[in-house]
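From first to last, the protein sequence lines are chains A, B, C, D, E and F.
Residues in the first sequence are numbered from 88 upward in steps of one, following our numbering.
Residues in the second sequence are numbered from 88 upward in steps of one, following our numbering.
Residues in the third sequence are numbered from 88 upward in steps of one, following our numbering.
Residues in the fourth sequence are numbered from 88 upward in steps of one, following our numbering.
Residues in the fifth sequence are numbered from 88 upward in steps of one, following our numbering.
Residues in the sixth sequence are numbered from 88 upward in steps of one, following our numbering.
Derived from the structure by calculation, the hints contain no laboratory data.
Be aware that one or more of the hints could be misleading.
Heads up, the list lumps identical chains together, so a pair's fine if it works in one copy or across two of them.
[To be verified] Derived DMTMM-like pairs (lysine to aspartate or glutamate); straight-line CA-CA distance at most 25 Å:
| no. | residue 1 | residue 2 |
| --- | --- | --- |
| 1 | 243 | 258 |
| 2 | 180 | 110 |
| 3 | 243 | 176 |
| 4 | 130 | 147 |
| 5 | 243 | 157 |
6 protein chains.
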Amino acid sequence: VTIHIINPNSSMSVTHGIDRAVDGLRASSMVPIQCHSLEGAPKGIESQAHIESVVLPLLEKARDLDRQDEASAFIVACFSDPGLALLREQIAKPVLGIAESAVLTAMTLGQRFGIVSILSASVSRHMRYLGAMGVMDRLAADLPLELTVAQLSEEKTTMARLSHVARQLREARGADVIILGCAGMAPYRRALEQEIGIPVVDPCQAAAAMAIGRVAYSRMNALDGEI
Amino acid sequence: VTIHIINPNSSMSVTHGIDRAVDGLRASSMVPIQCHSLEGAPKGIESQAHIESVVLPLLEKARDLDRQDEASAFIVACFSDPGLALLREQIAKPVLGIAESAVLTAMTLGQRFGIVSILSASVSRHMRYLGAMGVMDRLAADLPLELTVAQLSEEKTTMARLSHVARQLREARGADVIILGCAGMAPYRRALEQEIGIPVVDPCQAAAAMAIGRVAYSRMNALDGEI
Amino acid sequence: VTIHIINPNSSMSVTHGIDRAVDGLRASSMVPIQCHSLEGAPKGIESQAHIESVVLPLLEKARDLDRQDEASAFIVACFSDPGLALLREQIAKPVLGIAESAVLTAMTLGQRFGIVSILSASVSRHMRYLGAMGVMDRLAADLPLELTVAQLSEEKTTMARLSHVARQLREARGADVIILGCAGMAPYRRALEQEIGIPVVDPCQAAAAMAIGRVAYSRMNALDGEI
Amino acid sequence: VTIHIINPNSSMSVTHGIDRAVDGLRASSMVPIQCHSLEGAPKGIESQAHIESVVLPLLEKARDLDRQDEASAFIVACFSDPGLALLREQIAKPVLGIAESAVLTAMTLGQRFGIVSILSASVSRHMRYLGAMGVMDRLAADLPLELTVAQLSEEKTTMARLSHVARQLREARGADVIILGCAGMAPYRRALEQEIGIPVVDPCQAAAAMAIGRVAYSRMNALDGEI
Amino acid sequence: VTIHIINPNSSMSVTHGIDRAVDGLRASSMVPIQCHSLEGAPKGIESQAHIESVVLPLLEKARDLDRQDEASAFIVACFSDPGLALLREQIAKPVLGIAESAVLTAMTLGQRFGIVSILSASVSRHMRYLGAMGVMDRLAADLPLELTVAQLSEEKTTMARLSHVARQLREARGADVIILGCAGMAPYRRALEQEIGIPVVDPCQAAAAMAIGRVAYSRMNALDGEI
Amino acid sequence: VTIHIINPNSSMSVTHGIDRAVDGLRASSMVPIQCHSLEGAPKGIESQAHIESVVLPLLEKARDLDRQDEASAFIVACFSDPGLALLREQIAKPVLGIAESAVLTAMTLGQRFGIVSILSASVSRHMRYLGAMGVMDRLAADLPLELTVAQLSEEKTTMARLSHVARQLREARGADVIILGCAGMAPYRRALEQEIGIPVVDPCQAAAAMAIGRVAYSRMNALDGEI
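Work out the full structure: start from the sequences and follow the hints.
In structure tokens:
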């Protein structure tokens with residue numbers, strides 16, 4: 088019994104980042120929370136090709152984890168929620184995606200959420216997904232950082248850019264809650280929130296918190312079924 | 088430290104029903120879950136007048152509970168989510184409403200939710216609320232049972248009617264997940280789900296499960312702040 | 088027989104402002120138009136707490152006015168339309184809110200309305216309300232003046248800021264009609280309209296004009312019933 | 088100074104019907120309300136060809152009326168609102184359409200309006216128009232009577248069919264206010280409203296009432312301008 | 088130079104059916120139109136698992152076809168449009184999906200389209216897709232035939248059921264154009280259209296016709312580039 | 088048998104421009120493509136009055152062309168799509184509008200389209216039309232060039248302004264495909280596309296390409312009918 092968070096890329100450092108991001112939730116979870124990389128997957132998910140390439144391996148990985156150690160819930164930890172519909176169809180356990188969870192969480196923290204994406208290329212994908220979720224009227228805007236990988240590793244540059252984009256979302260586009268549109272920005276969450284004065288949601292943390300609730304929910308149903 | 092569920096009417100039997108509905112979640116919660124009636128409130132919330140009459144007392148009740156025993160989270164347990172915006176503004180703790188929680192949960196279990204309401208009079212109120220939530224495109228339909236209070240107490244009649252309406256939502260209106268649009272229908276949830284073969288969400292259970300996750304989330308943030 | 092405009096705060100100067108704003112309509116009304124403050128209410132409505140605190144007193148006030156002098160219609164004169172649903176449920180007379188009336192009027196004067204709000208804090212509340220009204224596709228944007236109370240009293244500063252924000256709504260966000268998002272901006276309406284060249288709607292005037300029509304409508308129905 | 092209601096077809100009996108429908112409003116109007124047929128227009132507006140054929144003659148008629156007797160406001164009295172955009176662009180007076188006015192009025196009387204149309208052929212046209220108005224989320228459904236002209240003249244058949252369709256809108260589709268989707272159904276309004284127990288809006292009456300308010304509004308602005 | 092239609096399942100009879108469905112378009116195409124099955128794919132696409140399993144093979148197939156015989160355009164011939172985003176990203180040729188093409192075509196033939204699906208299980212998937220396309224306001228309803236495979240092979244039963252469902256879409260849900268929600272219903276198109284009197288769109292034919300236009304478009308651009 | 092493109096204004100130079108814009112499509116069309124001006128129409132379509140004045144003459148022109156030389160399809164070549172609903176009702180041939188065709192084409196090339204209009208006055212008209220089309224969620228923004236006629240004739244100024252506005256649509260408003268919102272901007276299409284790096288759609292070319300497909304489609308149906 089475990090909440091398995093699967094980072095659908097093969098970057099160990101991203102997986103470790105997710106692990107640290109959700110660490111503070113472990114004390115409140117009845118079951119362990121484990122983070123996994125997807126071996127053989129791309130180093131990062133930046134295109135539709137990357138997304139499609141990880142969908143079936145994600146399902147395999149989830150099935151393996153379920154066999155080894157009966158899973159309590161799964162989280163797909165990429166902001167495009169690759170394979171979410173498939174895993175939900177194939178696995179009779181709670182399955183959450185970090186983008187969906189972040190959006191649903193933001194909908195309880197403000198009226199219009201702004202998304203900070205890494206690259207403009209992913210914005211179109213997000214729009215398609217938010218349309219499928221039927222929540223376009225709650226979107227303030229989705230603006231990209233447009234940082235190169237090199238720049239992303241410089242903390243000061245990244246923080247400055249995050250802060251600039253989040254401020255635009257709040258001031259010019261009316262966002263009253265911000266979603267970090269990527270699995271690896273958790274370390275900036277608190278500082279950004281303090282600076283701009285509206286809630287900032289890290290999607291991995293939002294999904295893990297929601298999964299803890301969902302595990303409680305399915306345990307209740309299991310018990311209920313036994314009676 | 089407690090999750091406080093406030094039934095904003097004064098009916099002890101409704102409060103006991105909610106208490107039983109969420110009982111199976113207690114084993115998975117790090118903090119106690121307590122259910123409260125709102126003394127002096129109407130016996131049931133059936134009109135806008137009832138809603139408005141409980142908003143300020145709800146805030147008072149929540150503040151009292153918070154003083155007595157520092158609250159971890161609050162749940163407003165009436166499907167119109169009375170006072171939700173107020174409590175969120177005034178209390179720096181997670182506050183959830185059962186209607187909002189049921190809708191957000193249903194959005195992860197299907198693509199179009201159907202709502203079973205007690206009376207047609209509440210349907211208009213729900214439409215206004217779902218519009219404010221920006222999720223009208225995810226609604227299949229909201230259909231009323233139109234049962235009198237006398238009929239509601241007869242289990243067979245109620246189950247037959249629930250089953251009829253849920254079937255209509257699924258077959259004629261395309262719902263693939265059903266929300267019970269009232270705080271007191273939990274005892275029928277499992278049987279209804281088995282009969283119609285799509286997920287059925289009890290809003291109190293959905294909110295309590297979500298609150299367990301949200302408590303985990305705010306504990307993490309508290310810890311994070313200490314470092 | 089009177090159209091009663093209730094300013095749901097206790098500021099006499101705001102009430103006098105509303106009175107002046109609608110004065111030009113009196114010559115066209117078959118019934119007197121009276122403006123009232125709400126004794127005991129906050130000096131201004133700036134938060135959800137303020138809104139909730141005036142809802143029940145508003146109903147009491149309306150009932151009192153109706154008893155003293157049979158009312159023809161009621162107008163709630165705060166841009167959050169507090170208590171509108173309640174008054175409509177409880178009082179069998181036309182009840183209008185200034186925000187709703189302004190939006191419906193603007194929908195006949197242009198295709199996309201822009202709202203000028205005082206503070207960004209109220210924008211989220213407006214978004215929730217426009218969502219409930221189902222008119223988000225007609226909204227260009229809602230931008231705040233972000234003026235302090237001290238600044239608001241300086242006419243030149245306020246006019247300059249109004250003009251700047253309205254211009255942004257028209258030029259960058261495509262508004263072709265502007266709504267003043269507060270009960271006290273009527274004195275600037277004409278000058279602003281002349282400056283930016285698109286219609287500018289004062290919500291109190293829009294509601295009072297609509298009420299005159301609604302009084303005619305209910306008189307017709309009353310007559311019709313007598314036959 | 089007059090509110091001119093132009094029936095854009097050439098049927099005198101329809102024009103007389105409109106005249107009777109708004110008669111009860113005259114006592115509350117500061118200016119006369121006159122109804123006009125459009126000479127040379129089709130006997131009824133049942134197709135896009137009919138609509139387009141009356142647009143320019145409508146503008147000519149409005150200009151003529153304005154020259155003869157300075158107009159206070161114009162109403163286009165056909166539920167497709169032909170020429171509304173044109174008249175608004177060309178004539179610097181308030182111009183209202185009966186469909187738009189009925190919808191805006193219904194939006195203050197309920198949360199979801201149902202429309203009773205004569206023929207299914209007009210439903211598509213209405214959908215396109217409601218889409219342009221951006222109010223699809225407020226629509227319950229638009230259902231046709233599907234009566235032949237011969238049947239329409241039989242009062243009992245028409246009332247029975249109206250009542251059947253309105254009941255469907257209320258019970259199966261969740262309408263809480265009904266709009267009569269044609270200029271000639273006013274004689275049935277009161278009886279239908281009493282029978283189904285939710286407000287029923289006649290579009291000509293809604294537009295005329297709104298015009299009375301709008302005349303008051305433009306008079307105020309004219310006065311204001313003189314100072 | 089060829090328009091390649093790829094049936095993403097391995098059923099030769101479905102592929103032959105598509106081939107016959109588009110045969111009448113060949114005389115109007117400047118390039119050959121070829122239909123292909125996807126070897127190794129499921130016999131039919133009935134689940135998310137089926138969809139995901141064909142996405143990468145579809146891309147491989149498309150690349151192979153492009154290498155053998157430079158492609159002019161690709162059509163994905165399954166009403167879930169599997170792999171559409173991927174092929175568009177990876178292949179610099181026009182790529183169309185039959186569901187998207189059918190919807191866009193229907194949007195020029197009526198105001199509200201109704202979809203006839205085979206199974207209710209696919210309706211949720213369609214809703215998610217139509218949401219992503221942002222066209223929910225144009226949807227009348229999506230109703231399933233709910234026929235077993237055995238029944239589908241009986242022509243009379245299928246025609247009777249198609250006719251029943253299409254009639255419901257037209258009469259009870261206001262559809263003024265019907266989309267056949269599956270790649271294999273073309274043989275019924277004409278008869279159904281004649282029977283219900285509104286346009287009926289076969290998605291394979293809609294996509295192939297649109298592809299002919301798109302091939303013309305890219306040829307023009309190629310020429311334009313050479314100059 | 089011909090695809091007739093009718094420029095609903097009387098400017099020969101605009102008609103010649105359209106002719107050149109679609110010239111590269113002729114090699115791929117089974118039928119000739121002819122462009123026509125509308126004699127007696129305004130020199131340009133800039134107001135609702137212009138639009139309404141051309142609707143009936145457009146139908147006459149189309150009928151004349153159909154009599155002289157049986158038409159295969161008609162295209163209305165003005166970005167307001169004047170008379171589209173009328174021609175579709177009255178003529179049993181494919182009829183396309185350039186605005187609708189551009190939008191439907193853009194919906195296959197990106198997720199959010201931005202429109203470059205000439206004047207802000209037309210933006211409101213476009214919004215109303217996109218609302219009627221039900222595609223507001225796919226719109227990034229519609230921004231005007233605000234160039235005078237004199238400036239439009241200077242190529243450098245126009246290109247600079249086009250490039251500035253398109254860049255704003257892409258960078259600040261999230262457009263991933265651009266639509267030229269007027270019949271006469273085709274000469275800038277390729278250069279603009281190369282400069283901003285996302286697809287740019289000329290509406291006349293989009294409509295003509297779509298018409299080629301639609302002609303193929305109706306030929307197939309004609310053949311099919313003969314059997």
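Right, here's what the structure says about each hint:
no.	hint	in the structure
1	243 / 258	both (22 Å within a copy, 23 Å between copies)
2	180 / 110	both (22 Å within a copy, 21 Å between copies)
3	243 / 176	neither (42 Å within a copy, 33 Å between copies)
4	130 / 147	both (18 Å within a copy, 22 Å between copies)
5	243 / 157	neither (42 Å within a copy, 38 Å between copies)
Checked against the numbered hints listed earlier, the structure breaks hints 3 and 5; every other hint is satisfied.
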